[in-house]
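Residue numbers (the numbering used here), protein chains in the order written: chain A, 1 to 241; chain B, 1 to 106; chain C, 1 to 145.
Bear in mind the hints are in silico, worked out from the structure with no lab data behind them.
Source: prediction; values computed, not measured.
Each hint should be verified, as a subset may be incorrect.
[Stated by the list, open to error] Now the in silico label distances, taken between C-beta atoms and shown as ranges:
#, chain 1, residue 1, chain 2, residue 2, range
1, A, 37, B, 95, 21 to 29 Å
2, A, 39, B, 34, 49 to 57 Å
3, C, 62, A, 62, 34 to 42 Å
4, A, 204, B, 102, 42 to 50 Å
5, A, 68, C, 62, 30 to 38 Å
6, B, 38, A, 215, 24 to 32 Å
[As the list claims (entries may be wrong)] If you only want the chain A side, here are some residues facing chain B, beta carbon under 10 Å, derived:
#, residue
7, 42
8, 107
9, 109
Beta carbons: idealized from backbone N, C-alpha and C, even for Gly.
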Amino acid sequence: MRGLLLLLAAAGAVAAAEPRRSGYQDMAASTQVLQDDDAQNPAMLWVKDGEQRFAADCARCHEPAALRGAAARYPAWDTDLAKPVTLAARINLCRQRYVKAAPLAPESDGLLALEAYVARQSRGLPVAPDADPRLKPFRDDGERLFRQRVGQLGLSCAMCHDDNAGKRLAGSLIPQGHPTGYPVYRLEWQGMGSLQRRLRGCLSGVRAEPFAWGSDDYMRLELYLKHRAAGMVVDSPGVRP
Amino acid sequence: MARALIRTPALARPGEIVEIRVLLQHPMETGFRPGVDGQVLPRDIVTRMEVHFEGERVFAADLFPAVAANPYIAFPMRVTVAGNLVVSFQGDNGFVHRETAAIRLA
Amino acid sequence: MTRRRSLLLAGAGLVLLRPSWGTPESLRAAIDAFAGGQAVRTGRVTLAIDTLVENGNTVPVSVSVQSPMTPADHVQRIALFTPQNPLPEVAVFHLSPANGRAQVSTRMRLATTQPVIALAVMNDGSVWRHSVDVVVTLAACLEGG
Numbered sequence: 001m002r003g004l005l006l007l008l009a010a011a012g013a014v015a016a017a018e019p020r021r022s023g024y025q026d027m028a029a030s031t032q033v034l035q036d037d038d039a040q041n042p043a044m045l046w047v048k049d050g051e052q053r054f055a056a057d058c059a060r061c062h063e064p065a066a067l068r069g070a071a072a073r074y075p076a077w078d079t080d081l082a083k084p085v086t087l088a089a090r091i092n093l094c095r096q097r098y099v100k101a102a103p104l105a106p107e108s109d110g111l112l113a114l115e116a117y118v119a120r121q122s123r124g125l126p127v128a129p130d131a132d133p134r135l136k137p138f139r140d141d142g143e144r145l146f147r148q149r150v151g152q153l154g155l156s157c158a159m160c161h162d163d164n165a166g167k168r169l170a171g172s173l174i175p176q177g178h179p180t181g182y183p184v185y186r187l188e189w190q191g192m193g194s195l196q197r198r199l200r201g202c203l204s205g206v207r208a209e210p211f212a213w214g215s216d217d218y219m220r221l222e223l224y225l226k227h228r229a230a231g232m233v234v235d236s237p238g239v240r241p
Numbered sequence: 001m002a003r004a005l006i007r008t009p010a011l012a013r014p015g016e017i018v019e020i021r022v023l024l025q026h027p028m029e030t031g032f033r034p035g036v037d038g039q040v041l042p043r044d045i046v047t048r049m050e051v052h053f054e055g056e057r058v059f060a061a062d063l064f065p066a067v068a069a070n071p072y073i074a075f076p077m078r079v080t081v082a083g084n085l086v087v088s089f090q091g092d093n094g095f096v097h098r099e100t101a102a103i104r105l106a
Numbered sequence: 001m002t003r004r005r006s007l008l009l010a011g012a013g014l015v016l017l018r019p020s021w022g023t024p025e026s027l028r029a030a031i032d033a034f035a036g037g038q039a040v041r042t043g044r045v046t047l048a049i050d051t052l053v054e055n056g057n058t059v060p061v062s063v064s065v066q067s068p069m070t071p072a073d074h075v076q077r078i079a080l081f082t083p084q085n086p087l088p089e090v091a092v093f094h095l096s097p098a099n100g101r102a103q104v105s106t107r108m109r110l111a112t113t114q115p116v117i118a119l120a121v122m123n124d125g126s127v128w129r130h131s132v133d134v135v136v137t138l139a140a141c142l143e144g145g
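Okay, chain A solo, but in the shape it has when bound:
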């Protein structure tokens, strides 16, 4: 019932002139084809790997079909750590706690493969951030980070992605920055990457010191970004320029 209400709300939001555009909508048509055609989408190579890893490690507890909606909902609260965690962090926590296996390194092919496989289960669903009230202070921190001026160029995320989205910077279109397609195969990287990798690129881009790998600040930003993108369609695993 709750899911249906969310879907109706999402549909309603879309019906009333939706001002939000995903990175997918901003791409050239031929890049959209790369994403839409599973036979051409390079991310499907990681999904295939993820499927095999899932069967080996995760299937003992999880039905793939039951994970539909998980990626659309994350980050979510972790009781033991008493804080929210991202999907990638959750995958590693499960590995340590239940599979009794070592965590996979950030941005490693294995971790990206599992994340891509799980995220794909949510493809087509609306971004539906968890309504858990415990997430709110972290999400508010994320919004503060989004609006905070950083780096040698003294830019905040909001200055480009809220105020100047749709305009061009050095020949490239400035997107609104909705994380609907992660993990993505980015043509710029010629490989797969997480939202964390992309955010680090943004921070370097404004000549700011990126937060350390695995920093909770990425989780806080993601919480805010998902809230900002609530109702938009999940298109993971995406292709981006």
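On the provided structure of chain A, position chains B and C as indicated by the hints.
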């Protein structure tokens, strides 16, 4: 850690021309790109793809550094009988990989 | 000699020693080798590629050639060339009547704005071409990490 995806039609009618689509996971390092330390990364590419159907070569490709990473190659094939399609790759640093897909008749 | 002067000379030396990328000579040599020395005619080949590309790292490209693909009349090989990439060759595809149709699709890298050239050699030795000018807004080949 090579992974390849081969897309063939689920079923084909004898005489039908179908599209075979191949996607291979490989960095196709060009040999022109500087790494993080400024040194040019050595070339590491796939140089040859061959496709055999029931022992007969039906397609081949010679690849150079200008083929994009995670190469995608699609080509047509006229289906006559059901059988196994074998796609094999070779490249720098002793790279070899082989993947098989079934062609089934309707 | 001052340090600055010796550095400048060393830099000049480096520039001179760099391999000559994308010269007309290297392109002509590559095409001659593919075409078996035959004259290249325009026609029969259709190169499908975006004329404006947002990222030169992964550019979808398709080549199709008018041909019945019978044993008596078929395309033997199709090739793609780039005059201004570090190397002129992109790929050579080997076909036969078993393909039924002369068509191939792939994804290529473009270092800079340039024409992309598709050539096809027929079983009778004739060689045909089609060229499309492509504008690249973000280059491949030279960017690091």
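Tested hints:
1. Checked against the hint of 21 to 29 Å, the pair residue 37 of chain A and residue 95 of chain B passes, with Cβ atoms roughly 26 Å apart.
2. Separation of residue 39 of chain A from residue 34 of chain B is about 33 Å and departs from the stated range, judged on CB atoms against 49 to 57 Å.
3. Checked against the hint of 34 to 42 Å, the C-beta distance between residue 62 of chain C and residue 62 of chain A comes to roughly 40 Å, which is consistent with it.
4. A C-beta distance of roughly 47 Å is found between residue 204 of chain A and residue 102 of chain B, which places it inside the suggested range of 42 to 50 Å.
5. About 35 Å separates the C-beta atoms of residue 68 of chain A and residue 62 of chain C, a value consistent with the hinted range of 30 to 38 Å.
6. Roughly 27 Å separates the CB atoms of residue 38 of chain B and residue 215 of chain A, a value that falls within the hinted 24 to 32 Å.
7. Contact between residue 42 of chain A and chain B, as hinted, is supported at the beta carbon level, the nearest pair being about 4 Å apart and thus within 10 Å.
8. Below 10 Å, beta-carbon pairs count as interface contacts, and residue 107 of chain A has none with chain B, the closest being about 14 Å; its hint is therefore violated.
9. Using the Cβ-Cβ criterion of 10 Å, the hint placing residue 109 of chain A at the interface with chain B is satisfied: the shortest such distance is roughly 7 Å.
Of the numbered hints stated above, those contradicted by the structure are hints 2, 8, listed in ascending order.
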